[in-house]
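A.B. asks: Please build the complete structure, drawing on both the sequences and the hints.
4 protein chains.
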Amino acid sequence: MTQRFSDVVGQYSVILFDAYGVLKNSAGVMPGVLDVLARLADAGKDMFVVTNDASRSPEVMAQVYTHPERGELIGPDKHVTSGILAAEFLRAKVCTGQVAYLGKPSSAYYIKSAGLDAVPISECAVDANVSALALLDDEGFDWQPDLNRALNLLRRQNIPVVVANADPTYPVDGQSVAIAVGSLGDLMERIVHKRFIRFGKPDALMYAYAYAQAQLNNTSIDKSQVLMVGDTLDTDVLGGNKFGIATMLVLSGNTRRETAERQIEATGIIPNYICDSILT
Amino acid sequence: MTQRFSDVVGQYSVILFDAYGVLKNSAGVMPGVLDVLARLADAGKDMFVVTNDASRSPEVMAQVYTHPERGELIGPDKHVTSGILAAEFLRAKVCTGQVAYLGKPSSAYYIKSAGLDAVPISECAVDANVSALALLDDEGFDWQPDLNRALNLLRRQNIPVVVANADPTYPVDGQSVAIAVGSLGDLMERIVHKRFIRFGKPDALMYAYAYAQAQLNNTSIDKSQVLMVGDTLDTDVLGGNKFGIATMLVLSGNTRRETAERQIEATGIIPNYICDSILT
Amino acid sequence: MTQRFSDVVGQYSVILFDAYGVLKNSAGVMPGVLDVLARLADAGKDMFVVTNDASRSPEVMAQVYTHPERGELIGPDKHVTSGILAAEFLRAKVCTGQVAYLGKPSSAYYIKSAGLDAVPISECAVDANVSALALLDDEGFDWQPDLNRALNLLRRQNIPVVVANADPTYPVDGQSVAIAVGSLGDLMERIVHKRFIRFGKPDALMYAYAYAQAQLNNTSIDKSQVLMVGDTLDTDVLGGNKFGIATMLVLSGNTRRETAERQIEATGIIPNYICDSILT
Amino acid sequence: MTQRFSDVVGQYSVILFDAYGVLKNSAGVMPGVLDVLARLADAGKDMFVVTNDASRSPEVMAQVYTHPERGELIGPDKHVTSGILAAEFLRAKVCTGQVAYLGKPSSAYYIKSAGLDAVPISECAVDANVSALALLDDEGFDWQPDLNRALNLLRRQNIPVVVANADPTYPVDGQSVAIAVGSLGDLMERIVHKRFIRFGKPDALMYAYAYAQAQLNNTSIDKSQVLMVGDTLDTDVLGGNKFGIATMLVLSGNTRRETAERQIEATGIIPNYICDSILT
Numbered sequence: 001m002t003q004r005f006s007d008v009v010g011q012y013s014v015i016l017f018d019a020y021g022v023l024k025n026s027a028g029v030m031p032g033v034l035d036v037l038a039r040l041a042d043a044g045k046d047m048f049v050v051t052n053d054a055s056r057s058p059e060v061m062a063q064v065y066t067h068p069e070r071g072e073l074i075g076p077d078k079h080v081t082s083g084i085l086a087a088e089f090l091r092a093k094v095c096t097g098q099v100a101y102l103g104k105p106s107s108a109y110y111i112k113s114a115g116l117d118a119v120p121i122s123e124c125a126v127d128a129n130v131s132a133l134a135l136l137d138d139e140g141f142d143w144q145p146d147l148n149r150a151l152n153l154l155r156r157q158n159i160p161v162v163v164a165n166a167d168p169t170y171p172v173d174g175q176s177v178a179i180a181v182g183s184l185g186d187l188m189e190r191i192v193h194k195r196f197i198r199f200g201k202p203d204a205l206m207y208a209y210a211y212a213q214a215q216l217n218n219t220s221i222d223k224s225q226v227l228m229v230g231d232t233l234d235t236d237v238l239g240g241n242k243f244g245i246a247t248m249l250v251l252s253g254n255t256r257r258e259t260a261e262r263q264i265e266a267t268g269i270i271p272n273y274i275c276d277s278i279l280t
Numbered sequence: 001m002t003q004r005f006s007d008v009v010g011q012y013s014v015i016l017f018d019a020y021g022v023l024k025n026s027a028g029v030m031p032g033v034l035d036v037l038a039r040l041a042d043a044g045k046d047m048f049v050v051t052n053d054a055s056r057s058p059e060v061m062a063q064v065y066t067h068p069e070r071g072e073l074i075g076p077d078k079h080v081t082s083g084i085l086a087a088e089f090l091r092a093k094v095c096t097g098q099v100a101y102l103g104k105p106s107s108a109y110y111i112k113s114a115g116l117d118a119v120p121i122s123e124c125a126v127d128a129n130v131s132a133l134a135l136l137d138d139e140g141f142d143w144q145p146d147l148n149r150a151l152n153l154l155r156r157q158n159i160p161v162v163v164a165n166a167d168p169t170y171p172v173d174g175q176s177v178a179i180a181v182g183s184l185g186d187l188m189e190r191i192v193h194k195r196f197i198r199f200g201k202p203d204a205l206m207y208a209y210a211y212a213q214a215q216l217n218n219t220s221i222d223k224s225q226v227l228m229v230g231d232t233l234d235t236d237v238l239g240g241n242k243f244g245i246a247t248m249l250v251l252s253g254n255t256r257r258e259t260a261e262r263q264i265e266a267t268g269i270i271p272n273y274i275c276d277s278i279l280t
Numbered sequence: 001m002t003q004r005f006s007d008v009v010g011q012y013s014v015i016l017f018d019a020y021g022v023l024k025n026s027a028g029v030m031p032g033v034l035d036v037l038a039r040l041a042d043a044g045k046d047m048f049v050v051t052n053d054a055s056r057s058p059e060v061m062a063q064v065y066t067h068p069e070r071g072e073l074i075g076p077d078k079h080v081t082s083g084i085l086a087a088e089f090l091r092a093k094v095c096t097g098q099v100a101y102l103g104k105p106s107s108a109y110y111i112k113s114a115g116l117d118a119v120p121i122s123e124c125a126v127d128a129n130v131s132a133l134a135l136l137d138d139e140g141f142d143w144q145p146d147l148n149r150a151l152n153l154l155r156r157q158n159i160p161v162v163v164a165n166a167d168p169t170y171p172v173d174g175q176s177v178a179i180a181v182g183s184l185g186d187l188m189e190r191i192v193h194k195r196f197i198r199f200g201k202p203d204a205l206m207y208a209y210a211y212a213q214a215q216l217n218n219t220s221i222d223k224s225q226v227l228m229v230g231d232t233l234d235t236d237v238l239g240g241n242k243f244g245i246a247t248m249l250v251l252s253g254n255t256r257r258e259t260a261e262r263q264i265e266a267t268g269i270i271p272n273y274i275c276d277s278i279l280t
Numbered sequence: 001m002t003q004r005f006s007d008v009v010g011q012y013s014v015i016l017f018d019a020y021g022v023l024k025n026s027a028g029v030m031p032g033v034l035d036v037l038a039r040l041a042d043a044g045k046d047m048f049v050v051t052n053d054a055s056r057s058p059e060v061m062a063q064v065y066t067h068p069e070r071g072e073l074i075g076p077d078k079h080v081t082s083g084i085l086a087a088e089f090l091r092a093k094v095c096t097g098q099v100a101y102l103g104k105p106s107s108a109y110y111i112k113s114a115g116l117d118a119v120p121i122s123e124c125a126v127d128a129n130v131s132a133l134a135l136l137d138d139e140g141f142d143w144q145p146d147l148n149r150a151l152n153l154l155r156r157q158n159i160p161v162v163v164a165n166a167d168p169t170y171p172v173d174g175q176s177v178a179i180a181v182g183s184l185g186d187l188m189e190r191i192v193h194k195r196f197i198r199f200g201k202p203d204a205l206m207y208a209y210a211y212a213q214a215q216l217n218n219t220s221i222d223k224s225q226v227l228m229v230g231d232t233l234d235t236d237v238l239g240g241n242k243f244g245i246a247t248m249l250v251l252s253g254n255t256r257r258e259t260a261e262r263q264i265e266a267t268g269i270i271p272n273y274i275c276d277s278i279l280t
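Protein chains in written order, with the working numbering: chain A, 1 to 280; chain B, 1 to 280; chain C, 1 to 280; chain D, 1 to 280.
Everything labelled a hint here was simulated from the structure, so no lab data went into it.
Check each hint, because a few of them may be wrong.
It does not matter which identical chain is meant; a pair holds if it fits inside one copy or across any two.
Calculated cross-link-like contacts (lysine to any residue; reagent style SDA-like; alpha-carbon spacing at most 20 Å) [said to hold, decoys possible]: (1) K104 <-> V60; (2) K223 <-> E88; (3) K194 <-> T267; (4) K194 <-> D222; (5) K104 <-> W143; (6) K104 <-> N148; (7) K104 <-> E59; (8) K24 <-> Q11; (9) K194 <-> V29; (10) K45 <-> E265; (11) K223 <-> G115; (12) K112 <-> Q225.
C.D. replies: In structure tokens form, the structure reads like this:
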């Protein structure tokens with residue numbers, strides 16, 4: 001059922017990687033991954049990280065892919081994060097004023113990068129004059145008071161709400177998961193009956209953004225030369241399929257070998273390739 | 001559009017009241033309500049409180065309806081709470097062992113009343129041997145760690161989950177609402193993809209329970225003699241309509257006079273009567 | 001994993017059977033079932049059929065359980081159908097006028113039994129003066145024109161809508177399923193954004209109705225003496241569990257032996273017993 | 001509250017129009033629209049039609065925008081239809097074989113344009129060897145047998161399903177709507193529990209596709225120069241907002257003047273401009 005990553009990757013010019021479960025885990029970059037990335041770089045592959053993460057800036061994220069001899073293998077400009085798309089939206093549609101946010105102080109990077117003021121929801125009165133609400137990360141605030149505060153803010157003001165990470169959960173170790181800010185967004189959206197603006201895989205906008213970047217580097221690229229590599233069917237693979245690029249499911253993260261076939265059958269989300277990991 | 005409560009109530013023998021927004025608000029029992037209840041008692045009406053509340057025992061709830069001269073007007077045995085139905089389920093289907101719960105210590109009353117041991121989720125290891133999980137109240141625990149703990153418990157053990165309050169929010173004062181445990185149940189149910197067992201209006205079981213109690217008192221009662229009085233269309237009125245009893249919307253709580261007609265039109269949930277309050 | 005039906009049934013006094021997949025299939029009553037029912041009758045069991053079916057009257061349904069020597073084993077008064085609950089609702093809440101319906105002419109029985117006039121939707125102008133709309137069966141009308149007609153009727157008139165069968169599909173032979181009227185109700189409800197009133201398992205009202213009938217026959221019955229036998233986890237077992245009675249999953253219908261354990265694990269809907277069929 | 005279209009449009013270089021309710025209605029192109037389009041063409045605007053329609057080819061759609069003196073004002077290459085995106089997906093991900101479809105014969109254009117064979121579902125056995133299923137239009141097939149046939153096909157084969165029109169309904173005259181193929185896709189997706197691939201607004205891929213076309217014509221274009229004009233908040237405006245371009249709601253179609261403000265408030269979908277029509 002599985003193929004070897006090294007047998008597949010040759011036919012693609014642009015490789016999009018999910019980060020967590022593919023390149024790294026809770027202990028950091030997985031052993032051997034930096035060498036694989038170095039070989040792909042040597043082979044001239046254009047590589048991107050496409051990640052539902054708005055907790056840190058691309059600069060911080062890129063640091064972990066620093067090879068001891070080769071330096072940074074996937075730079076900040078090659079990181080397509082859900083936070084970047086949220087920031088693009090805020091820059092284009094909100095323009096001025098304060099943006100209230102839920103998340104760690106480091107996630108406020110994305111608001112500031114749009115030229116806006118970031119205010120933690122805990123410092124924001126329900127009748128404060130804010131231009132938008134941004135749900136960036138599940139950490140960095142006290143859920144009960146701050147979710148209730150955000151809810152009442154939205155009941156009084158008709159402002160756009162961006163959710164910069166569509167994932168419902170994320171893994172915290174081999175055994176456990178944690179509720180992600182995407183689920184908190186769902187919770188609030190159902191209560192206020194307003195449409196939140198969500199960024200992140202499987203939304204095809206993430207792939208369109210990466211694809212446009214790749215085309216800037218090489219105008220002759222077309223979609224048949226692009227491969228998405230991810231560990232999750234309903235984000236990485238679903239979105240890549242919809243965008244019309246090749247997709248590979250790796251079994252080094254969210255999806256277990258024993259249940260992979262069954263999940264593909266049950267969901268109807270069919271990857272082009274299945275590999276144990278990118279080390280194969 | 002509105003009628004007077006006193007003009008309507010005469011034709012019914014059994015009156016089911018929602019508590020919050022009908023009989024009381026955040027300041028306690030509304031002025032004048034105890035006198036109305038006393039007059040109804042004098043007229044021989046059989047009265048029940050039917051409430052989505054599992055935060056306190058019926059004994060504690062009943063105390064607020066104590067008339068200075070007449071004593072308790074709606075006793076504990078006349079309180080049909082979502083907690084009672086959850087406790088009935090636990091008694092019938094769980095039988096033995098520990099039940100982990102989210103909620104205030106006072107909400108554990110309902111677990112104990114089923115003859116089971118109640119353990120706060122914060123004291124419960126993810127691999128603890130528990131027989132069920134009960135979501136009882138939004139207060140009394142620390143949301144982020146305890147919801148994550150409950151989630152991971154459910155990923156490892158196939159145990160029934162009861163949600164003893166189906167409401168998504170509840171009012172905290174004239175201006176604000178708070179996220180109720182029903183929304184937290186929705187959040188977790190979507191993540192684990194398992195069916196939780198929910199108790200509370202609009203589920204008809206609440207009405208069936210109250211109706212069965214009323215029939216014990218007077219075997220000649222039929223549904224045409226029962227009136228549900230509530231301030232919320234999609235719990236009180238929807239459930240009463242489905243159960244086949246008469247329904248009255250009062251405008252002393254969740255539903256504002258200016259938007260009542262529009263909400264009825266938009267939702268298709270049509271009460272038999274609309275009254276400003278039960279004081280009219 | 002499975003037990004024998006005959007080893008389990010002795011400890012219960014009231015047996016609720018789902019019809020399709022338990023007692024009968026597309027070829028009629030399953031071989032051997034009438035003898036099992038006769039033995040249960042001899043043993044004094046009070047038996048009911050609890051079925052999400054509004055396509056025919058209880059009188060017609062009961063005929064198939066006619067034993068060549070013993071006559072009718074489960075009479076019309078022992079058939080609790082989703083149609084009966086819909087009819088109860090119409091009688092109590094609609095009272096007068098015409099009810100437009102989707103379904104076979106035989107399903108109009110339930111409207112007429114409530115003392116109301118039944119009009120097929122195809123004969124009903126969008127501005128006709130109707131008191132309610134009833135979705136009774138997937139057969140007996142032309143889907144495209146008649147669903148569109150029903151939709152436009154609902155956009156102009158604020159009338160209650162009852163869906164007398166909550167099932168999304170039903171089996172038509174060993175291999176195939178057909179879309180049931182429950183799914184058509186979901187389709188229309190999402191479009192008009194109004195709350196339809198649904199009847200049928202897993203709604204506990206079906207069980208409450210059967211239980212009340214059983215108590216009329218024997219006032220000393222309590223829930224611990226009642227067993228629900230069904231072939232579907234998310235209707236028969238879920239509803240029975242919630243109502244607080246014992247539940248048995250049989251593998252003679254919708255649920256296959258190979259996937260039963262996995263489905264129980266995946267859904268969290270846990271029956272008290274699993275049996276191959278009631279013939280065991 | 002409303003502005004004049006002619007006062008707004010000057011500051012944008014690329015104009016994306018929804019077709020139905022903006023440029024045309026059930027009687028064809030609205031009077032005066034061709035003259036407006038001609039003036040915009042004279043002013044050098046790059047104009048696109050962005051439409052959730054897979055019932056006909058872009059060539060057929062473009063014909064209606066033929067000015068008596070100026071000829072075709074918005075050519076086939078300026079029509080971004082949900083059918084084109086579905087065809088792109090089929091070309092990239094399905095590659096070979098037969099695609100079963102629901103829709104008019106003219107909608108099969110999109111399957112054939114991907115180099116694939118199109119087979120109406122009515123001519124397709126449930127065990128036929130097909131590579132994908134495409135839901136293209138609500139017309140051209142008999143709903144009950146053909147939806148059931150499609151459902152059973154999907155229960156036996158794990159193939160991708162594309163839905164080439166995400167709209168739930170479409171207007172058929174000033175008074176009535178009809179159920180669109182998007183709703184039929186929802187119906188089937190819920191039953192089979194598989195993820196269908198949907199194309200059409202509000203999905204940002206429609207806007208990304210149009211934007212990429214506009215950039216081919218003029219590489220110096222950026223999103224701040226693009227305006228989406230539509231009559232529907234939750235497709236046209238929601239998707240344009242998310243993509244980060246300016247949005248205009250016109251009141252010449254789905255959204256009525258009396259309820260526009262309330263809908264904006266209720267949904268939280270906020271257009272940059274509101275105009276009576278593009279004739280103003």
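A.B. asks: Could you run down the list of hints and mark each one as holding or not?
C.D. replies: Hints, verified against the model:
1. K104 <-> V60: The answer is within: 14 Å in one copy meets 20 Å, while 41 Å across copies does not.
2. K223 <-> E88: Between copies only: 10 Å across, 23 Å inside.
3. K194 <-> T267: between (28 Å within a copy, 4 Å between copies)
4. K194 <-> D222: Classified as neither; 37 Å inside a copy, 29 Å across copies.
5. K104 <-> W143: This pair counts as both: shortest intra-copy Cα distance 12 Å, inter-copy 17 Å.
6. K104 <-> N148: both (18 Å within a copy, 18 Å between copies)
7. K104 <-> E59: within (16 Å within a copy, 44 Å between copies)
8. K24 <-> Q11: neither (24 Å within a copy, 46 Å between copies)
9. K194 <-> V29: Neither, since 39 Å and 33 Å both go past 20 Å.
10. K45 <-> E265: Answer is neither; intra-copy 32 Å and inter-copy 43 Å both fail.
11. K223 <-> G115: Intra 33 Å, inter 17 Å, cutoff 20 Å: inter-copy only.
12. K112 <-> Q225: Intra 35 Å, inter 23 Å, cutoff 20 Å: neither.
Consistency with the previously given hints fails for numbers 4, 8, 9, 10, 12, ordered from lowest to highest.
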